[in-house]
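Assemble the whole structure, with the sequences as input and the hints as a guide.
Each chain is listed here by its residues.
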Amino acid sequence: MNVPIFEIKDSFIIKNILNYNTTLSGDTYGILFTDYDLARKTQNKNAERFDNIIINTDLSDKNNFILNYKDDNFNILLDNEVIDYKDCIMYPYQIDNSGYTFVNDSKHQEISVNDLSDYDVDDYLEISFYLEYNRSGETTWTHSGETGETWYVNGFTDNNVYWNITSNIPNSGISDTINSVMWEVTGTTISSGQTTGTTNWEVVQIIPILKYKCYVIGKNNGVYRIKIEKKLENWLFNNLSKVPNLKYKILNINKCNKNYLDISNHIKKSPYGNYISCNIMDDVLTLTPIRNDLDLYFDYNIFNIDISGSTTINYTFNTNYLYNKYTLELFLDQFFSGSSSGETIYYNYSGETTSNQYEINDKNSNRFKLTVNNIDDLEYFKNYTYIYITTNNYNTYRALIVDINEDQITIIPPLNMILNESIIEIKNLYTVKEISDVLYECCVNINNLYSNDYNKLNIDLRRYVYNSYYEIINNLVINENLRNELTGALFENINNTFVLKIYNPQDIKDNRLTYLPSEAIRIGKNKKTSFPFRVDSIRTFSYNVIDANIYTSFIFDANKDNDTVISG
Amino acid sequence: MYTEYDIIDEFFSNSHEAEIAYGQNIDLNKSYTMLDNVRLNIGTKVLLYRQKNLKENGLYIVNSNNELVFQDQFNDVSKMFRYKIHINAGSHLDDEFHIVGYITVN
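As they're listed, the protein sequences go chains Z and C. The numbering of the first sequence is this note's numbering, which starts it at 1 and goes up by one. The numbering of the second sequence is this note's numbering, which starts it at 1001 and goes up by one.
These are computed hints drawn from the structure, not numbers from a lab. Note that the coordinates shown come from a computational prediction; the quantities given were computed from them, not determined experimentally. All clues given are correct.
Here are the computed lysine-lysine pairs in the DSBU-like style, where the Cα-Cα straight-line distance is at most 30 Å:
{"no.": "1", "chain 1": "Z", "residue 1": "219", "chain 2": "Z", "residue 2": "230"}
{"no.": "2", "chain 1": "C", "residue 1": "1030", "chain 2": "C", "residue 2": "1079"}
{"no.": "3", "chain 1": "C", "residue 1": "1084", "chain 2": "Z", "residue 2": "9"}
{"no.": "4", "chain 1": "C", "residue 1": "1045", "chain 2": "Z", "residue 2": "9"}
{"no.": "5", "chain 1": "C", "residue 1": "1055", "chain 2": "Z", "residue 2": "9"}
{"no.": "6", "chain 1": "C", "residue 1": "1084", "chain 2": "C", "residue 2": "1055"}
{"no.": "7", "chain 1": "Z", "residue 1": "41", "chain 2": "Z", "residue 2": "325"}
{"no.": "8", "chain 1": "Z", "residue 1": "247", "chain 2": "Z", "residue 2": "230"}
{"no.": "9", "chain 1": "Z", "residue 1": "501", "chain 2": "C", "residue 2": "1084"}
{"no.": "10", "chain 1": "C", "residue 1": "1079", "chain 2": "Z", "residue 2": "501"}
{"no.": "11", "chain 1": "C", "residue 1": "1052", "chain 2": "Z", "residue 2": "9"}
{"no.": "12", "chain 1": "C", "residue 1": "1079", "chain 2": "Z", "residue 2": "9"}
Far from chain Z by the CB rule (all over 10 Å, computed), these chain C residues:
{"no.": "13", "residue": "1026"}
{"no.": "14", "residue": "1027"}
{"no.": "15", "residue": "1030"}
{"no.": "16", "residue": "1032"}
{"no.": "17", "residue": "1034"}
{"no.": "18", "residue": "1037"}
{"no.": "19", "residue": "1039"}
{"no.": "20", "residue": "1041"}
{"no.": "21", "residue": "1042"}
{"no.": "22", "residue": "1044"}
{"no.": "23", "residue": "1061"}
{"no.": "24", "residue": "1064"}
{"no.": "25", "residue": "1090"}
For glycine and all other residues, C-beta sits at the position ideal for the given N, C-alpha and C.
Rendered as structure tokens:
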């Protein structure tokens, strides 16, 4: 006979703050994602977790420094020339009798350059507007010493403003641009003893007005002007054109000298300048990922650099933090001795089909229907999963199933499917690598980037794809052993709600997963609940997860109700 | 979506009511008109939880002779899962008794 043991208890629902520690503790990561973007966005750090790139290769035989990100290749041409066209005067001045220097159009703008060959379409420019004033004077210097000693004189300009000393001063060593409220000149004595003399000084005041970046979109060969994106609004353009003696200069960020200092400056001004910091020391360029608050989840994992010439060297940012570079294959490698790519996680199944010829209407509608010859095959195919389709010409592509109805399957056709082909066979993608790769393409979602057949999907379709593959891992018997290895899975369901599925909360083997009780609600008679109260600040206590759902049961000592002693 | 209401429903899926929970050993061969200052009527439910004979612990219903009739509820152990009984009178008014385990005796 089974005799129950009774205890008096109150019942509470304890709400927990669930934490998953993703630091590099060495433990296996247990939370699975099929949405790679979501995996990255669960992390509160991104750039900080990637290692630096250190570049010190000899540039003498190199021609290009290329920053690669997704389908963008920002090419800095290393042709020993910095295209920094400056001191041009804006409208109303004309140059070369060929027209105005800066022209406004309804769709673009044009700006005069001295050499059109310095610019190509898609070059990225930094255009600066500024005013420039010169000031000069004469100073008397006295110096006592041996021949060859350096004398030094400085002084304030008469209006006491900041100046840039920009030119070589006669009888002085000044050659760099220096920001100062004062001028300064130095020289070398030519005889021993006390010598005196007079020296001219000259400074240039630069007043920055406006600086912006834009792409070259064409050339106007007849008038030596390049066409650029219209970044200046009409009102701003008109206002600028009324400023007397307004000058501009153009820096072509895609053209550079073969040295790391100039390359560094160009990277800073490139579209990736807000993602990477550059440091030069002893002719070694160090690139460090930096947090960009406007784009926190920039994918450093796929950002890379090619330095090309007689040979090409590739550099990538690396991290050991799995969720910052997550793919299903990388994740599952943990459970398959580092090589999960060939493992089967879905039905290895194919079926014969018939279809009409693929026509332009199908291409335009982005939908194509095929019929399975054996209707029983359909139980092995699933909505919003990818299949291989084989055509009557024995071409094979990947396509996405978006509907299964009676004996018909509707697919989103592959981007590169040839017109007039028909489909004679379909087959599932069933290995970890096949599925991992296509999920990655969905995450990046750019036509033709990694394969010619990927057809860009909207976010809703991609979410359906992620959920379908989650369901495959979550439901299929063949994945039971795999599920036993997992702590859980995190996904966004069709209602746009994030769901964390914990596979076995009663047997917590994953030290990364912790619960922190934060709020309790007492459940009274007739299931009525009390106002919630905080429990996290009371004292540390133990607890048990009591079933497959994420909640916990506590015993409050009735005799110490106010003190809220809790035992597991 | 799983909510706290679902949790409550699950948690109370094996919930019961009784008028009295009595914690002193009594002789089950006798009739009683009152326990724990609560008058017993036909159908009154009594939980005995500290009988010396462990087999006698459990839920009883008072019959027309004011005897306590044992309700053998737990032959199947699974019926103990989340078993809780709420007391509506006596010194244990509004207390909840939970089954926290069991022992098997011959």
